[in-house]
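J.: Chain order of the listed sequences is A and B. Under UniProt numbering, the residue at position 112 of the first sequence is numbered 112, and the numbers go up by one with no gaps. Under UniProt numbering, the residue at position 124 of the second sequence is numbered 124, and the numbers go up by one with no gaps.
No wet-lab data here; the hints were simulated from the structure. Think of the CB as a built atom: it goes at the ideal place given N, C-alpha and C, for glycine as much as any other residue. Certain hints may be false.
Stated by the list, open to error - Incomplete in silico selection of chain B near chain A, CB under 8 Å:
| # | residue |
| --- | --- |
| 1 | 109 |
| 2 | 114 |
| 3 | 119 |
| 4 | 125 |
| 5 | 135 |
| 6 | 138 |
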Amino acid sequence: MSATAVGTRSGLRVPGWAAPAGIAVLFVAGYLVFRGAGTLPHDDDAPQFLAITDLREWVDDNKNASPVFLYFINYIRLFVGAIFVALQSALHGLGWPGLIGLMAGLGWLAGGWRIGLLGAAGFASFGVLGVWESSVDTLALVGTAVLLSLVIGLPLGVWAGRSPRLRRALNPVLDIMQIMPTFAYLAPMVLFFQIGAPAGAIATMIYAIPPAIRITALAIEQVSPVAVEASASLGATSWQTLRKVHLPLARSTMTLAVNQTIMMALSMVVIANLISAPGLGSDIIRGLSRQNVGIMLPAGLAIVVMAVVLDRTTMAAAHRRAHERTARWRWPVAAGLVAGGVALTYALPPAFPGQWVLPMGGPVNDAVRWAEVNWYDATEAIKNVTSEALLNPLQGLLTSAPWWLVAAAVLLLAWWSSGIRPALTALGCLLAIALLGLWEHSMVTLTMVVVAVLAVLVIGLVLGVAAARSARYSAVQRPLLDAAQTMPSFVYLLPALALFGPTKFTAIFASVIYAAPPVIRLVEQGIRAVPHPVVEAALSAGSTPGQLLRKVQLPMARQAILLAANQGIVLTLAMVVLGALVGGGALGYDVVSGFSQRTDFGMGFAAGVAIVLLGIMLDRITQGADRRSSPHQRNSV
Amino acid sequence: MGVSPDSTAIEVEGLWKIFGPTAEKVLRCDDRFLEPAALREKTGCTAAVRDVSFTVRPGEVFVVMGLSGSGKSTLVRCLTRLIEPSAGVIRIGGEDVGQASPARLRDLRRHRVSMVFQHFGLLPHRRVIDNVGYGLEIQGVGRAARHARAGEILSLVGLDGHADAYPDQLSGGMQQRVGLARALAVDPEVMLFDEPFSALDPLIRRDMQAEVIRLHREVGKTMVFITHDLSEALKLGERIAIMRAGSIVQLGTPEELVGAPADDYVADFVRDVPRSHVLTLRWICRPPEPGEPLDGPELPASTVIKDAVAVASATSRPIRVVDEGEPAGVVDRVDLLTFLSGQDTDQQAVQATT
Numbered sequence: 001m002s003a004t005a006v007g008t009r010s011g012l013r014v015p016g017w018a019a020p021a022g023i024a025v026l027f028v029a030g031y032l033v034f035r036g037a038g039t040l041p042h043d044d045d046a047p048q049f050l051a052i053t054d055l056r057e058w059v060d061d062n063k064n065a066s067p068v069f070l071y072f073i074n075y076i077r078l079f080v081g082a083i084f085v086a087l088q089s090a091l092h093g094l095g096w097p098g099l100i101g102l103m104a105g106l107g108w109l110a111g112g113w114r115i116g117l118l119g120a121a122g123f124a125s126f127g128v129l130g131v132w133e134s135s136v137d138t139l140a141l142v143g144t145a146v147l148l149s150l151v152i153g154l155p156l157g158v159w160a161g162r163s164p165r166l167r168r169a170l171n172p173v174l175d176i177m178q179i180m181p182t183f184a185y186l187a188p189m190v191l192f193f194q195i196g197a198p199a200g201a202i203a204t205m206i207y208a209i210p211p212a213i214r215i216t217a218l219a220i221e222q223v224s225p226v227a228v229e230a231s232a233s234l235g236a237t238s239w240q241t242l243r244k245v246h247l248p249l250a251r252s253t254m255t256l257a258v259n260q261t262i263m264m265a266l267s268m269v270v271i272a273n274l275i276s277a278p279g280l281g282s283d284i285i286r287g288l289s290r291q292n293v294g295i296m297l298p299a300g301l302a303i304v305v306m307a308v309v310l311d312r313t314t315m316a317a318a319h320r321r322a323h324e325r326t327a328r329w330r331w332p333v334a335a336g337l338v339a340g341g342v343a344l345t346y347a348l349p350p351a352f353p354g355q356w357v358l359p360m361g362g363p364v365n366d367a368v369r370w371a372e373v374n375w376y377d378a379t380e381a382i383k384n385v386t387s388e389a390l391l392n393p394l395q396g397l398l399t400s401a402p403w404w405l406v407a408a409a410v411l412l413l414a415w416w417s418s419g420i421r422p423a424l425t426a427l428g429c430l431l432a433i434a435l436l437g438l439w440e441h442s443m444v445t446l447t448m449v450v451v452a453v454l455a456v457l458v459i460g461l462v463l464g465v466a467a468a469r470s471a472r473y474s475a476v477q478r479p480l481l482d483a484a485q486t487m488p489s490f491v492y493l494l495p496a497l498a499l500f501g502p503t504k505f506t507a508i509f510a511s512v513i514y515a516a517p518p519v520i521r522l523v524e525q526g527i528r529a530v531p532h533p534v535v536e537a538a539l540s541a542g543s544t545p546g547q548l549l550r551k552v553q554l555p556m557a558r559q560a561i562l563l564a565a566n567q568g569i570v571l572t573l574a575m576v577v578l579g580a581l582v583g584g585g586a587l588g589y590d591v592v593s594g595f596s597q598r599t600d601f602g603m604g605f606a607a608g609v610a611i612v613l614l615g616i617m618l619d620r621i622t623q624g625a626d627r628r629s630s631p632h633q634r635n636s637v
Numbered sequence: 001m002g003v004s005p006d007s008t009a010i011e012v013e014g015l016w017k018i019f020g021p022t023a024e025k026v027l028r029c030d031d032r033f034l035e036p037a038a039l040r041e042k043t044g045c046t047a048a049v050r051d052v053s054f055t056v057r058p059g060e061v062f063v064v065m066g067l068s069g070s071g072k073s074t075l076v077r078c079l080t081r082l083i084e085p086s087a088g089v090i091r092i093g094g095e096d097v098g099q100a101s102p103a104r105l106r107d108l109r110r111h112r113v114s115m116v117f118q119h120f121g122l123l124p125h126r127r128v129i130d131n132v133g134y135g136l137e138i139q140g141v142g143r144a145a146r147h148a149r150a151g152e153i154l155s156l157v158g159l160d161g162h163a164d165a166y167p168d169q170l171s172g173g174m175q176q177r178v179g180l181a182r183a184l185a186v187d188p189e190v191m192l193f194d195e196p197f198s199a200l201d202p203l204i205r206r207d208m209q210a211e212v213i214r215l216h217r218e219v220g221k222t223m224v225f226i227t228h229d230l231s232e233a234l235k236l237g238e239r240i241a242i243m244r245a246g247s248i249v250q251l252g253t254p255e256e257l258v259g260a261p262a263d264d265y266v267a268d269f270v271r272d273v274p275r276s277h278v279l280t281l282r283w284i285c286r287p288p289e290p291g292e293p294l295d296g297p298e299l300p301a302s303t304v305i306k307d308a309v310a311v312a313s314a315t316s317r318p319i320r321v322v323d324e325g326e327p328a329g330v331v332d333r334v335d336l337l338t339f340l341s342g343q344d345t346d347q348q349a350v351q352a353t354t
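Use the sequences and the hints to build the structure in full.
T.: So, in structure tokens, the structure goes:
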């Protein structure tokens with residue numbers, strides 16, 4: 001199957017690192033001989049891009065003549081738009097006291113007074129931050145996307161949970177939806193649904209629906225088969241068993257599906273602002289384009305607060321015990337909170353009072369300026385060392401090497417790590433990127449991903465191992481990771497920009513802090529999952545902690561660590577692309593300029609496709625790694 | 001119940017269940033008679049139930065016993081088609097279950113056959129009373145009526161006062177009482193038990209076995225009881241079918257199994273059973289020898305041997321064994337001692353088979 005397997009079969013012991021090292025040596029040798037030949041330099045006016053731009057013009061011109069648009073796509077747009085407008089006017093109509101009261105009531109229902117208070121305080125903070133109107137728009141957009149995701153996703157999930165055949169059919173589709181970087185959705189949305197709220201809601205829905213389907217299906221599958229069988233044995237119809245056994249028993253896991261869907265929608269909804277959907281994202285994008293942290297920070301904070309409030313509220317609802325008695329005065333109190341809020345709407349001014357708004361722009365920009373001045377040496381040193389030592393040489397290598405040499409190296413590497421079929425898929429992706437005319441930009445993006453992934457893995461391993469070995473450290477780290485994982489990806493750009501200004505390194509820094517938490521967590525879980533008796537046996541044989549780690553825990557956690565690497569790559573790619581907004585350039589920048597300039601639409605569209613191809617390629621190279629369970633097994637194949 | 005005593009409650013004929021991708025094909029050719037390992041090797045299929053036939057009389061407690069993997073749980077699920085049988089005929093109360101439409105089948109499960117499960121299968125989000133009333137709810141019985149019925153059944157199984165508890169607040173034994181009550185609540189003709197007590201502690205298991213015996217006496221349902229525990233089988237079963245690798249290797253009363261095992265497999269099973277606790281005087285009585293005094297105490301033939309020992313020790317004369325009023329033979333101290341010392345095995349086995 002793999003090069004090493006062949007080697008060992010013939011009786012030669014080839015060490016595991018020999019194959020990648022060999023590939024690297026061949027690549028460097030080829031590079032030295034052929035450098036500068038066979039490169040594919042970037043051209044903004046490549047014929048491929050122009051063709052796609054023309055296609056869009058043609059679609060725009062003929063939109064109202066084609067029956068597909070007239071009777072189908074336009075109606076979807078109108079329908080989604082109507083839901084959004086209805087939600088938006090309902091939320092605005094409640095007034096700010098009414099909405100705060102509503103959130104307090106919901107929080108109270110879900111998790112008692114703590115959550116109710118959190119909801120009220122959280123929503124009030126939107127006003128204090130001075131972004132009430134945009135927050136409500138964002139809430140309406142998230143609401144629309146989540147509503148659509150749940151209406152479609154929950155029934156589909158229930159169905160998939162009961163039909164293994166549908167599950168098998170859905171899985172690859174959901175896989176692709178989940179590894180596809182968010183940026184890539186947007187261009188096709190514009191093509192079909194124009195720019196604006198409906199396109200934003202639909203893009204958000206596509207991004208948010210996989211967890212709704214997946215977790216629901218899982219919840220239904222996990223329902224105790226004995227309970228289902230008992231129900232059938234008493235003559236229940238399939239519908240009765242679904243209603244009385246499956247759904248009640250899956251309820252709390254399904255609430256988790258709702259939670260995940262909301263979280264995904266929140267992180268996408270900001271990106272949807274790039275195609276002119278209203279909301280907090282427009283402040284953030286405005287701030288990013290002017291490199292003005294003062295404009296972005298209130299909007300960024302509001303997004304984080306919204307994420308935390310919605311997360312805690314839905315989690316509290318999920319964790320309520322299945323048959324906990326709801327107190328009799330639960331509903332009246334909730335209704336009272338809402339009614340009180342709405343009543344205050346008439347008593348208080350309709351807009352959030354200006355004197356309660358905390359002015360942030362000035363002080364924040366001052367702080368950023370202070371940091372820039374005082375930390376200049378440190379940040380600049382980190383940035384320059386990384387750029388000079390790692391980023392620039394690697395980028396130079398990849399962009400000035402002949403394309404066929406890079407393709408050959410990818411093929412061999414994927415073959416070695418995952419087998420021949422994934423290797424051919426990876427090669428196909430790379431060739432398609434070349435055909436799209438985006439070779440050079442893709443190589444730049446790839447460089448950034450590689451550097452970021454290396455950093456993520458080092459950080460993930462060190463912190464993950466530390467957490468697995470020290471319960472106290474783990475207890476400190478866990479809430480930080482929890483918080484980090486609730487934050488929408490966009491938010492990570494803010495501190496990166498504040499510290500490093502707009503450069504490639506900024507994008508890498510943001511990706512690293514975005515992708516590290518899940519990786520740390522997976523590594524920690526993997527090491528903790530090593531069976532206790534094995535650890536005990538190693539200790540009783542007199543292992544030192546270091547020996548225990550190297551000889552027992554890390555080898556046994558191999559699967560989890562490789563999975564962490566795979567996850568790290570997918571997350572990093574998504575964020576590196578987003579990093580275009582803080583000076584990352586390359587493919588992400590092509591996408592952004594595709595939205596802002598009509599003439600560049602073709603390039604943006606092609607770049608979106610290239611991002612997906614790059615994602616699939618990286619996934620194929622690494623996915624095999626966690627299937628190949630151990631060197632021992634590999635040799636016996 | 002409207003079933004005449006000489007009819008059958010359950011009739012199973014030539015039942016097969018083969019799991020696997022080519023089950024249909026296997027069933028049509030001679031492959032089905034292969035040994036389990038050979039069958040899996042050749043076709044990738046597993047024969048869980050192989051050509052099983054038996055009948056259960058109304059009101060009888062019929063035990064199916066076997067080790068794990070012998071196909072007994074599959075067999076009991078085939079009876080109401082919770083697992084679809086591959087071939088064979090099943091009749092419950094005269095109705096052909098295999099031919100029943102989905103609606104008829106549901107009707108059968110709702111009103112005539114109910115089941116108790118090894119892992120209880122209770123619904124954790126419902127109170128005990130609503131778990132017990134679940135079968136009635138499925139049938140569309142109103143809330144008040146089903147609560148009334150569930151309350152009655154709860155006191156029958158000794159769970160008074162726990163109606164409003166949730167299953168996870170009860171001990172394992174009590175949870176299984178709820179499972180039992182749920183099965184009883186629909187007033188079925190037949191109750192199926194799938195290893196109901198094997199997840200319970202030994203002491204609680206003994207209580208529950210006594211409970212089943214008591215319930216059987218009180219409500220007189222036909223019961224099919226699956227177990228892997230021989231002592232449970234001997235305690236509860238009027239007749240016992242021993243399964244191995246999907247087939248019934250012996251079907252008989254506890255006495256027949258212990259006294260005359262059909263093959264080495266069954267013999268191995270029953271070897272540790274104290275025979276004097278199971279076998280009756282019918283197994284060891286002999287025609288009186290000429291001149292033997294016939295004025296000793298009289299005992300019915302169904303007396304268990306260990307109970308005869310006390311009587312024999314009180315008198316030196318042979319015990320006269322009477323079977324439904326007719327003299328069946330005599331047993332003296334020497335016979336009893338010989339039996340107890342285990343020297344009678346071969347001779348008795350021969351006698352039993354004739």
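J.: Look at each hint and say if it fits the structure.
T.: Checked hints:
| no. | hint | verdict |
| --- | --- | --- |
| 1 | 109 | holds (3 Å) |
| 2 | 114 | holds (6 Å) |
| 3 | 119 | holds (5 Å) |
| 4 | 125 | holds (4 Å) |
| 5 | 135 | holds (4 Å) |
| 6 | 138 | holds (5 Å) |
The structure shown violates none of the earlier numbered hints.
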